[in-house]
Structure formats: structure tokens, C-alpha cells
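> Sequences listed follow chains A and B, in order. Using full-length UniProt numbering, read the first sequence as starting at 1 and increasing by one per residue. Using full-length UniProt numbering, read the second sequence as starting at 1 and increasing by one per residue.
Among the hints, a few may not be true.
Same chains, same names: a pair is fine if it fits in one copy or spans any two.
Stated by the list, open to error - Derived pair list, reagent style DSSO-like, types lysine-lysine, alpha-carbon separation capped at 30 Å: (1) K342 / K249; (2) K256 / K216; (3) K213 / K101; (4) K249 / K221; (5) K101 / K216; (6) K268 / K164; (7) K256 / K209.
Just so you know, these hints were derived from the structure itself, not from any lab.
Number of protein chains: 2
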Amino acid sequence: MKKFAFCLVLLIGAAYAGYVLAEKDSDELMQQAQSQFKPIPTELQEIEGITLTPERIELGKWLYFDPRLSKSWLISCNTCHNLALGGVDLEETSIGHGWAKGPRNAPTVLNSVFNIAQFWDGRAEDLQAQAKGPVQAGVEMNNTPERVEQTLKSIPEYVQRFRKAFPGDSNPVTFDNMADAIEAFEATLLTPGSPFDKYLNGDSQALSKAQKKGLKLFMNKGCSTCHNGINVGGGSYHPFGVVEKPGSKILPEADKGRFVVTETASDKYVFKVPSLRNIELTPPYFHSGQVWDLEQAVAIMGSSQLGIKLSRNETAAIVTFLKTLTGEQPRVEYPILPPHTKGTPLPVTGVSGNVAGH
Amino acid sequence: MKKFAFCLVLLIGAAYAGYVLAEKDSDELMQQAQSQFKPIPTELQEIEGITLTPERIELGKWLYFDPRLSKSWLISCNTCHNLALGGVDLEETSIGHGWAKGPRNAPTVLNSVFNIAQFWDGRAEDLQAQAKGPVQAGVEMNNTPERVEQTLKSIPEYVQRFRKAFPGDSNPVTFDNMADAIEAFEATLLTPGSPFDKYLNGDSQALSKAQKKGLKLFMNKGCSTCHNGINVGGGSYHPFGVVEKPGSKILPEADKGRFVVTETASDKYVFKVPSLRNIELTPPYFHSGQVWDLEQAVAIMGSSQLGIKLSRNETAAIVTFLKTLTGEQPRVEYPILPPHTKGTPLPVTGVSGNVAGH
Numbered sequence: 001m002k003k004f005a006f007c008l009v010l011l012i013g014a015a016y017a018g019y020v021l022a023e024k025d026s027d028e029l030m031q032q033a034q035s036q037f038k039p040i041p042t043e044l045q046e047i048e049g050i051t052l053t054p055e056r057i058e059l060g061k062w063l064y065f066d067p068r069l070s071k072s073w074l075i076s077c078n079t080c081h082n083l084a085l086g087g088v089d090l091e092e093t094s095i096g097h098g099w100a101k102g103p104r105n106a107p108t109v110l111n112s113v114f115n116i117a118q119f120w121d122g123r124a125e126d127l128q129a130q131a132k133g134p135v136q137a138g139v140e141m142n143n144t145p146e147r148v149e150q151t152l153k154s155i156p157e158y159v160q161r162f163r164k165a166f167p168g169d170s171n172p173v174t175f176d177n178m179a180d181a182i183e184a185f186e187a188t189l190l191t192p193g194s195p196f197d198k199y200l201n202g203d204s205q206a207l208s209k210a211q212k213k214g215l216k217l218f219m220n221k222g223c224s225t226c227h228n229g230i231n232v233g234g235g236s237y238h239p240f241g242v243v244e245k246p247g248s249k250i251l252p253e254a255d256k257g258r259f260v261v262t263e264t265a266s267d268k269y270v271f272k273v274p275s276l277r278n279i280e281l282t283p284p285y286f287h288s289g290q291v292w293d294l295e296q297a298v299a300i301m302g303s304s305q306l307g308i309k310l311s312r313n314e315t316a317a318i319v320t321f322l323k324t325l326t327g328e329q330p331r332v333e334y335p336i337l338p339p340h341t342k343g344t345p346l347p348v349t350g351v352s353g354n355v356a357g358h
Numbered sequence: 001m002k003k004f005a006f007c008l009v010l011l012i013g014a015a016y017a018g019y020v021l022a023e024k025d026s027d028e029l030m031q032q033a034q035s036q037f038k039p040i041p042t043e044l045q046e047i048e049g050i051t052l053t054p055e056r057i058e059l060g061k062w063l064y065f066d067p068r069l070s071k072s073w074l075i076s077c078n079t080c081h082n083l084a085l086g087g088v089d090l091e092e093t094s095i096g097h098g099w100a101k102g103p104r105n106a107p108t109v110l111n112s113v114f115n116i117a118q119f120w121d122g123r124a125e126d127l128q129a130q131a132k133g134p135v136q137a138g139v140e141m142n143n144t145p146e147r148v149e150q151t152l153k154s155i156p157e158y159v160q161r162f163r164k165a166f167p168g169d170s171n172p173v174t175f176d177n178m179a180d181a182i183e184a185f186e187a188t189l190l191t192p193g194s195p196f197d198k199y200l201n202g203d204s205q206a207l208s209k210a211q212k213k214g215l216k217l218f219m220n221k222g223c224s225t226c227h228n229g230i231n232v233g234g235g236s237y238h239p240f241g242v243v244e245k246p247g248s249k250i251l252p253e254a255d256k257g258r259f260v261v262t263e264t265a266s267d268k269y270v271f272k273v274p275s276l277r278n279i280e281l282t283p284p285y286f287h288s289g290q291v292w293d294l295e296q297a298v299a300i301m302g303s304s305q306l307g308i309k310l311s312r313n314e315t316a317a318i319v320t321f322l323k324t325l326t327g328e329q330p331r332v333e334y335p336i337l338p339p340h341t342k343g344t345p346l347p348v349t350g351v352s353g354n355v356a357g358h
């Protein structure tokens, strides 16, 4: 009987020690995560360089959804960055004016305000600069700043809205202000409230055991060396294929990435690390958009960036974690846009011009 | 003094008589209008053959905005019937898969539930039948019923929504039910509250003097012979160019209209009379979409359909009236669509096939 009691004490002690260790382990995992990542804010925050007045945000929403910013009147920002579909178009590379296939996969607009810069090669320093690109790109909206200004100035309700959004500006309806307003709207397109955000905010129950295992692998295998911060990526530039080049389908030779921006040899095949926020919603993956399967994308990252072969279990666990990055999608009322007038340049759907894309 | 008093009485009498006559005139105009037109209802009404449950309407909204009903994942119902732009695309004729130009101008979806039939040639008896057309047309969404069903069945949230929208249906996810749901959503896309509707509801102050003058001309010159009823059109078929053929740009020889549907010689160049509801928002005009100016469109109707040459003043007055047909545009929350899965057929943006359009 004494022997039995002794055994029981030992067992309880071992279980308790296990529990304490697990708790400690769990605390350490959360602390490690909190040191590497930051949650998406649930409220609009001040962002340097962006004026977030309700007037500017609403104007930006109109512009974001208005296909008349394109030469054909068919393509809006929302065509390729569809707010119904995780802020992307789910195409390998975007289709634009004349059904032209652009050179790169459309990155999501969601949370993009937190990226270090915009486009895969970071050639736009912010969303204001970014917004001007696709409007003018021949394979996207194929328009010109002059024609956009003429269009907006010909619509009295737009003129009035620009005046309210840019008070004190003597010439408020400009291409630059269009981009400013779009940037303001886009800065509101955040996806807070994901399970991972809840976890980062201290709720250890927000992630399941399997999701925590994935998070641990994500950090310990080295993924978070690049994919970190508020956007779990989006904060730095790295060469794609740093250890082992993926096939030329996934990393086409012709697209030299950031090299074109900096003209620095070491920037060949360097790209901005994409954010992994809402990643399950935004296939296909990589700048070439050639991989539809998230597990395959993770496996490629393992071999090309980290020089490791992740087991199937590890890949699956990491994907289980990545799915916790899906947050509450922004809900907006679809705008009723003001009608054009006799002074508005009419749509042109014919094909001409050829400029770079994303 | 007596003479003066007499004159005053005469003057007052004349003024009063004029007032009474004007009042009578005004009453008669309203009565004449009320006998020919009907206001758009402000509340959803029961419509024969359409089940308007909240579940079906919401599912229909998802489908209406989902570009994954198209082969390319780029074109949704809303692409050509854009709720931000009066339910149209503002193109001469619609642009579809592969940037193909369709044969006819896209009619507005707004209030279309009140039309006698759908498409310019009336070949679809209702919106349910209509919804199936563009999804399959090679120059529009270029998809097949089988592929649409496979797509919807591969997305668990869609399956669940179809179950709720079609309770008791053992196989709810079908192409037919897709069309039924889209029809239900479209039946909610009404634009009540226009000045003309207020007038029809008895508010004689809802139209200005100039607008009433236009209404009078609209009825007395014969426009309302065809453009009458709740949709101020949309209720009958008539030959385009019944008195005088407009140029072949506006009435292209190759498009024989309803003849293709009925194979009856007298139906050559016969088209459904389009609704004039929200007409100022939906240029360009006619099935060929060749006329951007509403005054020009009215003048053409005068000569081609009524055999009269309207003066510039008359045309302008009629347009002034037509602008009172613009109602409150339906406001909807932009849907957040459920993600596809591994079983979903991926987008195909290559070009093949060629089927008729609107």
C-alpha cells in the first residue's frame, strides 16, 4: 500500500512537471512569436504621410471602383485587386487592356499599407506612387494622367468630392490627388482579428495545438527570417532562389526583379518578400503566379530559400499555421458612381501601347 | 371708381379662370400620365415565378459579383451590368472573354424584372433564362453549365448557401438554381423614388414646369405609344425604323433582331422597346450602342419611329422629362466571396469558342 501511494505521488508529480513544462513551452512560443510579429490593428491608425479624412477615404473608394479611370472604362483597381476575393484576381498574372497578360502576379491590396514599398520589385515607395502605375500601364488600364484629369474634371460630383477631400487646394482634381485618395481608401483595407492576431494579443487558446506546431516550425526552420513583422513579410528584399534556383517556370530568367530598379548586380532576381497575411485566399503564388498549391509553395521556399527539404508533415503543419493568418475581410458598400458628361473623353477599347505591369 | 372696381373684378376673374384652367390642365396631364405609366414600387413585391427569400437573394448577390462563373475568372454579371454605373457597362457593345466585342449594347439590369422578356430580341422569357445566356456565350463569360456546377460544388460555402436557398431540393447546386438565385437578386434591383414616380403618386410639385412640358410632348407626340407602363418601355416589340430607317451604323443590316427568334418575316429588325428608366445613366443608346447623346437619340426616334422632325426645343424638353426617370440606385454591400478549393477548375484565359451575345 505504501509502495502504491509512493507511485501515485511520483505519477502526479511527473504529470504536473509535464504540465508546467508545456505551459512554459507555450509561454515561450508566444513570446518568441510576439518578438517577431505584430498584430493588425483593429482601429484605423495614423500613418505617416497619409491623410485619413472620411472625405478622402470615400473619394478613394469611388476611384478604386471606377472603371472610367481606364482607357476602356472596363478595368478598375478592383478588377485586379478584387475585395470580394482577398484583394487579388486569382490569375497567374493579371489580364488588362486588350486582354493583355501582364508580367507578374497581382499582389493583394489588403494590409498593403504596411509593406516597405509596393510592387514585387518595390519600385513604388508607397501606395500613392503605386496607384499611378497600373492606371498608365499599357497592359493594365492603359490611360494617361491628362486623360484621367480630363475625365474627373468633366464630372461635377467628382470635382465637388475632390474639393472636399483636398480642402485649401486651389487645383484639387489632379492625378496626384487621385492617387492620394486611392491610397487613403487602401489604407483602410485591413484584415484584423485573425486567429494569429488574437494569439499575438495574448490569447493562447486562439491557436490549436496543430497550428502552434506549424508556427514553431515556421519560426525555427527560418521562414520568419524574411516573413516577419506586422505583415508576416512585406518588409524586406531577398533573392528568390538564394540557395537553389526553382525551375525557370517559377523564376523566369527574363524577369530580373529589383535589378531593374536599382541597376545593382546583387539585386538580380531580388524581390520584395510578399506578405503572408490572408495567404490562403490569394493563390497562385510567387511573382510568376505558377504555383496554385500552398503546400507546394512552402516546399519550394524550403528548398530554394532555406536549402532544406521539409517533410510532408512539416509542410502541412506550416500551411496549417499559415491559414491562421486569414483575418476579417473589409466590408464596403458598393459605390454609386456619378455619371459622366458631354465633356468626358469616351471609352476606347482598341489596343495600343505596351508598358510594364506589377 | 365704379369703373375701376369693375375692371378689378374682371381682372381677378380672368386670373382665377386662368388658374382654374391651368389647374385643370395640370390635373389632366397627371391623369393622362397615370393612365399610361406606373410607378416603381418602393417595397419588394411578390413577382410570379420568383421566390424572394433572403437566402436566395443573398446567394444571388454572391453569384452576380463572382467572376468565377466565367471561364477566365475575370468577368462577372456585374462587369457588364455594373451597379455602380446604372446597371450597364457604358460600352457601345460589351467586351467579353478574350476582349471580344459582343454584338449588342448591354441593357441595364435595373428594373429589368418588369420587362416583358429579356435581351434586345426578347429571346429569354425571364431573368432566370437570361442569366444563363452570358455565362455560356463565347464572347462573354465563355463557360459551360457543367463547369459552373463543378465550380460551385467544389466550394463548401456555396454548397451550404444553395442548400439554404433551395430547401428541400435534393440536388440544390445546379446551373438552373444558379440562374434562379441570380434572378431573385436582380428582382431586388429597383430604382424607386424618381421625380416622375413621385408625380405618378400624386405629387404635382415633383415635376417642374419644363419637365411637365417634356412629359406632355412625350405623350402627345407618340413616344408613349411604345414607351409606357411601369418601365416606360420594355413591354412590347416594334420594328426599328418603322417610318424611316436610321443609318446602317445605328441599325446594322446584319442584326435582324427578333426575326432570328421567331423566324417570322415581319419580325425583321424588330426589337424589344427598351425601358427608359434611368436612361440618362445608360448611354450609349440603341442595340448598336452608336449614339451617346440623348437628344440625338430622341431626334432619331422621332424621325425613324414617328415620322416627325422634332424641333430642338421639343427634343430638349423631352430629354428634360426623361431625366426625371432617374431613381434611387440600389445600394448593396460588396460581397466577400468564399475561397475556391483544390477541386475547383482553375481559370482559363485563352481564347476559343464564339457564341451570340446580348
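> Take the hints in turn and mark each one as holding or not.
Hint-by-hint comparison with the structure:
For the identical chains of this complex, K342 and K249 are inter-copy neighbours only, at 21 Å across copies versus 48 Å inside a copy, given an alpha-carbon limit of 30 Å. For a Cα distance limit of 30 Å, the shortest separation of K256 from K216 qualifies neither inside one copy, at 33 Å, nor across copies, at 68 Å. In this assembly of identical chains, K213 and K101 lie within 30 Å of each other by CA distance neither inside one copy nor across copies; the values are 39 Å within and 53 Å between. Proximity of K249 and K221 under a CA criterion of 30 Å is satisfied intra-copy only: 26 Å inside one chain copy versus 67 Å between copies.
Neither within a single protomer nor between protomers do K101 and K216 lie at most 30 Å apart by alpha-carbon distance, with minima of 39 Å and 53 Å respectively. Taking the closest pair of Cα atoms, K268 and K164 never come within 30 Å of each other, the shortest separation being 45 Å inside a single copy and 53 Å across copies. Proximity of K256 to K209 under the C-alpha cut-off of 30 Å is found in neither arrangement, the shortest distances being 41 Å within a copy and 67 Å between copies.
The structure fails hints 2, 3, 5, 6, 7 (numbered hints given earlier, in ascending order).
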